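> Heads up: the sequence shown is residues 1 to 121, going by full-length UniProt numbering.
Bear in mind the hints are in silico, worked out from the structure with no lab data behind them. There is no bait here: all hints are sound.
Calculated lysine-lysine pairs in the DSSO-like style (CA-CA distance at most 30 Å, straight line): (1) K10 - K102; (2) K28 - K65; (3) K10 - K28; (4) K102 - K65; (5) K102 - K7; (6) K5 - K58; (7) K101 - K13; (8) K13 - K102; (9) K58 - K102; (10) K65 - K13; (11) K21 - K101; (12) K7 - K21; (13) K13 - K58; (14) K10 - K101; (15) K65 - K10; (16) K7 - K58; (17) K58 - K21; (18) K21 - K10; (19) K28 - K58; (20) K21 - K5; (21) K65 - K21; (22) K58 - K10; (23) K28 - K102.
The following label-pair restraints were derived from C-beta to C-beta distances: (24) D85 - K13: 26 to 36 Å; (25) A18 - D47: 32 to 42 Å; (26) S40 - R83: 15 to 25 Å; (27) K10 - G76: 18 to 28 Å; (28) R83 - F38: 20 to 30 Å; (29) D47 - E84: 26 to 36 Å; (30) D97 - E69: 17 to 27 Å; (31) K5 - D97: 31 to 41 Å.
No experiment lies behind these values; they were computed from the predicted model shown. For every residue, glycine included, the Cβ atom is placed at its ideal position computed from N, Cα and C.
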Amino acid sequence: MGSGKAKRVKIPKDVIRAHWKIKSRCLKGIADSHGSFFRSDKGYRRDNPTIEITTISKDLAMQIKAILEDRDFRVGFRDWVPREDWNTRYIISINGDEMYKKWIGEIGFSNPRHHQKLNKI
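Kindly generate the complete structure, drawing on both the sequences and the hints.
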């Protein structure tokens, strides 16, 4: 299980208090390493754009959620325990065309893996 450091990860206070440009770059870095982009099946639509960030740090998840909500993103939040002996995962999600376009316009991705997926769409 490790030392538990991953559960204690937080965005530094200086970044939390910084202007949007700094916060957006922080979110971009987190999404590039801990995020995913995919098309989800929502029943009414099979190609709904979805961006998710997953972490085992509840504090980090709540910070990300708060930063995004302060910028008027509609944010989904859930926790999930994949197996009894695993850590709880906290998942922040952005869903739908409008929120996807807002993410790309205000935050974006730097990870080439995400750009390859975006280029296929």
